[in-house]
Amino acid sequence: MSSSAQLLQEREKRFNDAVALNKPDRVPIASVWDFFPARFKGHTVKEVMYDPQLMFNDWVECLQHFQPDMGENPYGLRGFARVLDALDYMHLKWAGHGMDDHQGYQFVELEPMKANEYDHFIFDPSDFMIRRFWPRVNKALAAFENLPPINQIIPYYWGLYSGAFLLSPEMEAARGALMEAAKASAEVLKWAGALGAKLKDLGFPASSGGFAQVPFDTLGDLFRGTKGVMMDLFRRPDKVMAACEKLLPIMIDSAVASAKRTGVMRVFIPLHKGLDGFMSDQQFHRFYWPHMKELLNALIREGITPWVLAEGSCNTRLEAFRDVPPGKVIYHFEATDMFKAKEMMRDRCCIRGNVPATLLSVGSPEDVKAYCKKLIDVCGEGGGYIMDASTTLADAKIENVQAMYDFTREYGVYK
Amino acid sequence: MEDLVKAVAEMMEDEALDLTRKLLEQGESPAKILDAYKEALVIIGKRFEEGVYFVPELIMAGEMMKTASELMKPYMAKGSSAAVQAGKKGKFLLGTVAGDIHDIGKDMVGMLLDINGFEVKDLGVDVPVQKFLDEYSAFQPDIVGMSGLLTLAYDSMKRVVDGLKTMGVRDKVKVIIGGGQVDEHACKFVGADAWATDAVSGVKYSLQWMGC
Ligand code: B12
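These protein sequences, in sequence, are chains D and C. To convert, note that position 130 of the first sequence is 130 in the numbering used here; the numbers rise steadily by one, no gaps. To convert, note that position 195 of the second sequence is 610 in the numbering used here; the numbers rise steadily by one, no gaps.
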């Protein structure tokens with residue numbers, strides 16, 4: 001067996017042992033790199049967002065340098081600037097488009113679904129997406145707002161008007177934009193495939209092969225906005241539930257399809273609006289956890305390992321989070337009390353992360369090592385822990401990341 | 416009135432607004448109705464501190480307050496707003512700084528300051544440095560409060576403070592910064608007088624500065 005194939009197996013095993021709550025040979029370590037690799041190679045965010053070849057080179061060099069136990073394919077979440085350009089996408093600001101060249105992109109909160117539009121979405125999500133959601137988050141598709149309902153085209157005689165509308169001048173520009181976006185997407189996918197193969201060659205298993213959200217997060221982040229969805233909890237709770245139920249199978253199906261397509265049976269699930277402070281226990285158990293639990297279980301049934309990134313803190317949610325099959329889920333914690341999490345999850349789930357992003361950006365390598373030591377001593381005990389930063393490495397100092405990796409490889413070996 | 420306080424505090428929006436309308440139609444004074452809302456907001460603020468209420472309730476309370484003041488506007492006698500203002504403890508200029516759009520915390524601070532007797536002017540989110548300075552001149556606040564949750568917000572905050580210095584008014588105004596991530600270092604870097612990671616302590620500083 002070639003050494004890189006061996007490496008691939010070794011890493012996969014180390015990682016999977018930790019997930020299954022067995023003791024690996026040492027504590028595995030991985031990162032959510034954000035645009036760190038560009039900075040590591042002296043490039044700006046803008047340069048790599050627009051140049052897939054440069055992104056390829058920077059990621060390969062960075063991963064080869066740090067040798068994490070999992071590789072990361074950045075194209076799906078970082079390499080899409082030309083797609084955004086083609087669509088004139090409004091849900092993000094990115095380098096060259098409202099952000100400095102060296103800054104990562106930012107989410108812009110919108111309200112693409114108005115309070116009185118729940119019924120439309122619930123009745124026919126696809127029609128709502130095409131004629132309401134897309135035109136409101138993609139300026140280039142604004143004309144779609146005037147499309148006749150596609151679901152009314154049944155035989156030809158009900159479809160004449162709708163068909164002819166596709167030829168209208170207002171649709172022409174939108175069609176062009178859509179084709180541009182499609183071409184840009186194909187280009188990004190080509191590079192994603194190439195990098196995936198390259199990383200495998202180099203012995204890096206892929207960290208995730210798909211993405212999903214808890215339905216309430218999708219509804220809040222992307223459809224209604226934080227304020228909108230929070231008020232809906234009081235004003236139209238039944239509609240919130242109905243919309244979440246509609247979104248759940250969409251989340252499951254798209255994540256499963258993506259994992260199968262990429263062959264990487266891990267799915268990334270960042271949590272946003274169910275964190276401590278965002279809702280009461282009662283609200284959490286009504287609007288958030290039931291769908292989250294079903295999402296996790298559905299993925300597990302398909303042989304997928306959900307990697308849940310609990311942003312913010314989730315101390316009050318740990319009890320609920322425990323209620324999943326043992327050894328199947330990774331909970332990546334940002335500001336949750338990690339030692340309490342270890343206590344509660346010891347026999348249930350692998351925990352990951354918690355090296356504070358602030359420590360990595362303003363602390364010294366010695367500070368980082370001291371923190372990692374504590375994590376390995378307490379959370380690493382008996383297995384079931386993956387070393388990682390609390391969140392992405394966006395602002396981390398290079399020498400601190402080096403310290404985190406060197407120290408974990410040395411001190412994290414299980415006797 | 417007691418029913419109104421209870422309806423607002425218990426998040427019963429429809430009841431609260433119906434009651435408000437009814438009271439106004441019956442000729443109740445808007446000032447008294449406003450007092451009921453403030454009483455309710457104090458209860459809500461307390462429940463938030465106690466961990467009984469969370470972000471949804473605070474957003475909802477803000478919305479109810481907003482709708483209620485719209486309902487009351489036509490009933491406000493001319494001149495009475497000047498009287499209300501005369502009774503204010505101080506003027507507070509508030510906003511989320513340039514580059515940052517997080518406003519849930521800012522809105523809560525604004526609401527609590529209002530309940531506590533401040534005249535609050537809220538400039539919204541992603542407020543350009545120059546806008547803060549222009550509004551300073553127009554509004555002449557006693558306190559400038561800047562909210563920011565992103566690390567990059569500190570630069571914007573610093574530029575506002577530098578601007579106040581250039582205008583020669585820095586010693587005439589108190590500056591407080593707030594947001595989940597601010598700390599002593601940020602405060603020093605920005606050149607603010609105080610920092611707060613919770614609304615209540617922000618209000619305490621403000622009251623202290625106004626000698627209350
Ligand atoms: C909700 C949220 C969002 C929502 C905002 C919705 C809205 N309308 O506000 C959305 C989804 C839009 C969002 C977007 C982004 N976010 Co955000 N967001 C949060 C989150 C989860 C909660 C913030 C919040 O509302 N907390 C609840 C309120 C009540 O708390 P608070 O704001 O701290 O306010 C209290 C006090 O601080 C104080 N206070 C606040 N302001 C003031 C002002 C004064 C004068 C005073 C006296 C007191 C005071 O009183 C309040 C009440 O006690 C935090 C994580 C966290 N746990 O804090 C991340 C967080 C702030 N976001 C973050 C990031 C990175 C982003 C994005 C860049 C993400 C992206 N890549 O797209 C974008 C940026 C958009 C922009 N340009 O600002 C980071 C910031 C990291 C950093 N240090 O820079 C955080 C910390 C998450 C993380 N760890 O990565 N976000």
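Misleading hints may appear alongside valid ones.
List time: in silico SDA-like cross-link candidates among lysine to any residue, alpha-carbon distance up to 25 Å [to be verified]:
1. D/K114 / C/D433
2. C/K536 / D/A357
3. C/K421 / D/P237
4. C/K481 / C/V467
5. C/K573 / D/T226
6. D/K397 / C/L564
7. D/K227 / C/M416
8. D/K227 / C/Q441
9. C/K536 / D/P237
10. D/K93 / C/P543
11. C/K536 / D/G225
12. C/K573 / D/P237
So these bits of chain D aren't anywhere near chain C, every CB distance computed over 12 Å [to be verified]:
13. L8
14. V83
15. C244
16. R261
17. P270
18. A320
19. D406
Hint data in this document are derived by calculation from the structure and do not stem from the laboratory. C-beta atoms are modelled at their ideal positions from N, C-alpha and C, and glycine is treated no differently.
Exercise. What hint numbers does the structure not satisfy?
Worked result: Violated: hints 2, 5, 7, 8, 9 and 12.
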